[in-house]
Amino acid sequence: MLAWTIYLSFAGVLIQALVPNSRAQLARWLALAFAAAGLALAVAGFIAGMGQGRVVIVDCAWVPAMGIRYLLAADGISRVLVLLTGLASVCGVLFSWNIEHRTAGFFAFYLALIGGVYGVFLSFDLFLLFVFYEIAIIPKYFLIAIWGSTRREYGAMKLALYSFVGSAMVLIGLLASYAASGSHSTTLVDLAHAHLPVSSQMWLFPLVFIGFGILAGMWPFHTWAPTGHVAAPTGASMLLAGVVMKLGAYGCLRVAIGLYPHGLDPWGFTLVGLGSWRDVFALLAVIGILYGALVALVQTDFKFVIGYSSVSHMGFVLLGLVTLNQIGVTGAVLQMFSHGIIAGLLFAIVGRIVYDRTHTRQLAELETMHLSRRLPFAAWAFVIAGMASMGMPGFSGFVAELQVVVGSWSLNPIWTIATAIGIVLGVAYTWRALQLAFFADKQPTAEDHPKEGWHNLGAITWPEYTGVAILTFASLAVGLYPRILLDTIEPAVKALLAGGIQ
Amino acid sequence: MNYADLFRVTLPETALEIAAILVLIVDLAFLRKAVLQTRVTIAAVLGVAGCAVALALLPCTGSAGFRFGDELLLATGGIAGGAQAGILVLTILTLLLFIGSTFTRHTGEYVAVVLMAATGGLIVAAAQDLLVIFVGLELLSLGLYILTAFNKHSEKSAEAAMKYYLFGGMSAAFLLFGFSYLYGITGSTNLHNVMRAAFFATASDGAPMLYVALVLIAVGLGFKVAAVPFHLWAPDAYEGAPTPAAAFIASASKVASFALLVSIGTAMVHIFDGMNRVVFISTHTTPLPRYLGLQMPWTQILCLLAAASMLVGNLAALAQVSVRRLLAYSAIAHAGYILLGIAYLGTSQRSANAVLYYVLTYGLTTIGAFGVIQVVERATGSDKLDAFLGLHKRNPLLAAVLLILLLSLAGIPPLVGFWAKFNLFAAVLAVGAGLVPFALVALALAMSAVSLYYYLQVLKRAYVMPAANATPIEAHPVTMIVLVAIATAVVFCGCFPAILQNWIANAHI
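Heads up: the protein sequence lines correspond to chains A and B, in order. First residue of the first sequence? That's 1 in our numbering, and the numbers climb one at a time after it. First residue of the second sequence? That's 503 in our numbering, and the numbers climb one at a time after it.
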């Protein structure tokens, strides 16, 4: 059933390609229909899969001579991320409702991206996973380059090249593991059982981890993220932050950690206090958390604040992954979901609800606009989203970050302390942006407040209400009752940690 | 020696030659007064028919090949058969592109020369003897020189042909010189005998001259496949030649040259095949020292050429403003990837199959790319990047075809270019153990990340940047059908790679 999420998305691409450019409304509704069908399938698959382990969905030979299989399967981690993709894609369509220019083309690329993302989360053959991973690269480029804003061609090209370099590293790893395992099979299970020598795993692990990590916004390879997010149209930045960065993190977990578990073993010596790749990547993740938060603190562009906050939040995911303990990795997966929802919400408010009405993202200009009075819905939505992003109890971010922080203690208490500082910084930059953009102290002067009143910024439209409601509900539901997802994630993480992918 | 055998084995070549003569007769005798478009169409259709007949005759050639005494002169079936079929199909496509062009009034001559060059290509792909190789290469090359110069209204065309001819003549001299050394040392012109004798010669004292011969041959063949540093003709030829001719140079002739390199490499690897019993008495303790035979130096030479081609091709392509020159440099880069596969052929057929797969699909994609250039060039009069501005508005279907083809060249799945790369590099890593092949594969993948940039530069013009001129571009319906068919094939072969792969692996043509 879950496989149809992929097929439906690509069918949507073909249908959008046939919609004439003048029929914008038709294109929107079609896109919404396909995205919603994907979400429905994802939810149904999630519910049907509760309490089950890895379930094979499709398994047939694709290239028999080389042992490549078309193998789609889902375990708890996949199901949660597919659910996230469904939510993000529906909300992304809702917040792209105002795309007037080449609408059908926009949604064609959009659905192609979604289809690739679904495919990655469901592939259990490394070759197939890689194919879907690369399918997701090109639509991103066009979404940003055609429909984007600030320095869009630069941001788009940077994103495409970073992704492609990352995937070239993954491909080297794929080819090397395939050759080293005797060129019989590319399924994840067979490769994991091939018992690659520890010496190979020692260099394959960092290669593949960095390759995927580039897309997960790992410091110092994160620089595509802020520029890409800022340049992208709102729907695309929601997808970028919401699911595309998760592709990277998912690859780190499923491929790098799943296939090369010995790559995380201690080296047997220490270099400036680092004794294994685990330490190296934990350090990079912590730097990412702190660096992203500090840079977000001084941004003058509202969207850049959110862009850097994504780098910071993805640092939690990466840190959680390399803790390699149950609670840390579970937290990382939950953080992927949580950040996907919350970042989507933040980008929607900043990029669509506010920017479309004020036509500026400069905090200094927003400060003079008294948006809390003129756009109370946006202000309150941002308060909620900001609280979720800070990691307030009651929202999904709290559960996830707490687990990561707890898990990191066993790795090295220093990381825990640094991470805690990162959380405090998160409060600071969210608060700063919130205050500057919506609740500036400056009282409106007579000039600011013309007699006839401020000109109308335009009412909030129904797609915006719906999108905000869906995302807020998702974050609250997971925050208040985390077991909805944890019951699905935990067994899958346990199985993965116990013996790779078996 | 049996002339009936020779006739049977060269049936496809014969068919092409008859078609060439027929085209000339029909065009010059009956169509002198006809409109140009009619003449173009009839000549191309006759040419296509000739290729189709040749294709149909391919299975009749059997799989034994043609022997002179004990020595294999022309191979049939297997890799040679697959390459021949590929050459014929690609020739058909370039002839169909010719229908949509108007660069010459000498239509009969053009098609006849294409068919003769294709004959040369078929011979090259099958040749197993130094002399036959040379004759085939010259037949192919002479055709290509003429085709390059065929646009008589364009100075660039004449200049390109002159450069191509001078470089080509020199490289042919190098090649012949190398062959003469091989013959002098080994006393045979048969590839397999040469390689076997060379094996024993390296065991005694003939090695230095053999290495000189290898280098000379690498120069000659490196020129044919446009490998760095023998690539200088390629950008000019691609830019100056009329588009269907450039497409032919970039596809069918490449298939022939790479098939030849595969034949040479295979002969080096399978030294003792076909001998009933080998008794090799060696003073060495190890079974067979690796430095014996020509395989190791040949691999080293090819690796150097491959690495240089990948680097120079991809980096130089970044700076191009003419799309034809961009494609030329990308062809150099692709030649680098393929040479890497040829450097590590191994005893199984796998690498050879992977190389053939790569060359065929690359040729197909590249013909499509030239087809798009032809249409755009006719409408805008330029092949510069800016000529592609707003193509998605001016002709959405053409833009979509260009998108698919260029992404396939960049190696984006699920298009066939990705699968070809994966297949090739997997074969290289399966055959070559150790650091060098791995490092070269890593270099190739890093360089293909670079290549995405310049392909996106073209696609950015077509899709992203605003159109300078929004008038629709009309394409000749035949050209459009060919282009859509090629794009469909690229997507289809990418989604179901096993089909073409099995066909190549089991080619009993």
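Read the hints as simulated data drawn from the structure, not as lab findings. Every residue gets a Cβ at the ideal spot worked out from N, C-alpha and C, and that includes glycine. Heads up, some of the hints might be wrong.
Stated by the list, open to error - Pairwise CB distance ranges, derived in the manner of DEER restraints:
1) A:GLY458 to B:PRO968: 22 to 30 Å
2) B:LEU899 to A:TRP462: 45 to 53 Å
3) B:PRO968 to A:ALA428: 41 to 49 Å
4) B:GLY936 to A:ALA36: 48 to 56 Å
Now the hints, each set against the structure:
1. A:GLY458 to B:PRO968: 22 to 30 Å: Holds, since GLY458 of chain A and PRO968 of chain B (Cβ atoms, about 27 Å apart) stay within the stated range.
2. B:LEU899 to A:TRP462: 45 to 53 Å: For TRP462 of chain A against LEU899 of chain B, whose Cβ atoms are near 36 Å apart, the range 45 to 53 Å is violated.
3. B:PRO968 to A:ALA428: 41 to 49 Å: holds (42 Å)
4. B:GLY936 to A:ALA36: 48 to 56 Å: Hint holds: Cβ distance 53 Å, inside 48 to 56 Å.
Violated hint: 2 only; the structure is consistent with all others.
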